[in-house]
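Student: Produce the entire structure from the sequences given, and follow the hints as far as they go.
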Amino acid sequence: MEIKIKSLKFDADQKLIAFVEKKVSKLEKFFDGLETVEVVLSLLQEPDNKKVKIMTHVPGQELVIERHAKTFEDAVTEAADAMKEKITRFKEKQSEA
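For the sequence shown, numbering that gives the first Met the number 0 gives the first residue as 0, with consecutive numbering after it.
Some hints here could point you the wrong way.
With a straight-line cut-off of 30 Å between C-alpha atoms, the simulated BS3-like cross-links for lysine-lysine are [claimed, not checked]:
#1 Lys28 to Lys92
#2 Lys52 to Lys28
#3 Lys50 to Lys92
#4 Lys21 to Lys52
#5 Lys50 to Lys83
#6 Lys49 to Lys28
#7 Lys69 to Lys5
#8 Lys25 to Lys83
#9 Lys85 to Lys52
#10 Lys69 to Lys14
#11 Lys69 to Lys25
#12 Lys52 to Lys92
#13 Lys8 to Lys69
#14 Lys28 to Lys3
#15 Lys90 to Lys21
#16 Lys25 to Lys85
#17 Lys83 to Lys22
#18 Lys83 to Lys52
#19 Lys69 to Lys92
#20 Lys3 to Lys25
#21 Lys3 to Lys52
#22 Lys22 to Lys5
#23 Lys28 to Lys50
#24 Lys14 to Lys49
#25 Lys5 to Lys49
#26 Lys50 to Lys8
#27 Lys85 to Lys21
#28 Lys92 to Lys8
#29 Lys52 to Lys69
#30 Lys21 to Lys92
#31 Lys14 to Lys3
#32 Lys8 to Lys52
#33 Lys22 to Lys52
#34 Lys14 to Lys28
#35 Lys92 to Lys25
#36 Lys28 to Lys85
#37 Lys21 to Lys69
Honestly, the hints are just simulated from the structure, not real lab data. Computed from a prediction, not measured in an experiment: that's the story for all the values here.
Tutor: Here you go:
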């Protein structure tokens, strides 16, 4: 699985990139067909100003999760957990069809 990480309005350091890769790589366990996961990190001008958007394609659909938090680590963790749930629900719907 390929993980593409983009940082907008700032330069992500290696520690943050490694953290994102570690969290997002676990998504592959939940769906074998994941080829690419794109993660966009951006800074906003609001209290919870760290925004993380995770996008991936599954057959016939694009799954997108967006989370805001005070730290990128919290936002990445929340977004990755939400994406696991979304992938699990997608797989359940596929098996029912």
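Student: Does the structure keep Lys50 and Lys92 at a Cα separation of 30 Å or less?
Tutor: Given that 30 Å is the threshold and the Cα spacing comes to 29 Å, the pair holds.
Student: Quick one, are Lys5 and Lys49 close enough, alpha carbons at most 30 Å?
Tutor: Distance ~13 Å between Lys5 and Lys49 Cα, so the pair holds.
Student: Measure nothing beyond the straight line between the CA atoms of Lys8 and Lys52; if it is 30 Å or shorter, mark the hint as holding.
Tutor: 14 Å, holds
Student: Within 30 Å, alpha carbon to alpha carbon, are Lys22 and Lys5?
Tutor: Measuring from Cα to Cα gives roughly 15 Å; hence the hint holds.
Student: Does Lys14 pair with Lys3 here, judged by a C-alpha cut-off of 30 Å?
Tutor: 16 Å, holds
Student: For the pair supplied as a hint, Lys50 and Lys8, confirm whether the alpha-carbon distance does not exceed 30 Å.
Tutor: With a Cα-Cα distance of about 11 Å, the restraint between Lys50 and Lys8 holds, given a limit of 30 Å.
Student: Is the straight-line distance between the alpha-carbon of Lys21 and that of Lys69 30 Å or less?
Tutor: Status holds; Cα separation ~20 Å.
Student: Taking 30 Å as the top limit, are the C-alpha atoms of Lys3 and Lys52 close enough?
Tutor: 12 Å, holds
Student: Is the straight-line distance between the alpha-carbon of Lys52 and that of Lys28 30 Å or less?
Tutor: 20 Å, holds
Student: Given the hint that Lys90 pairs with Lys21, does the C-alpha gap stay at or below 30 Å?
Tutor: Holds. Lys90 to Lys21 sits at ~22 Å (cutoff 30 Å).
Student: Between Lys14 and Lys28, does the CA-CA distance stay at or below 30 Å?
Tutor: 23 Å, holds
Student: Between Lys28 and Lys92, is the straight-line Cα distance small enough, at 30 Å or below?
Tutor: Holds, at roughly 18 Å.
Taken one by one, the earlier hints fail for this structure at numbers 19 and 28, listed in ascending order.
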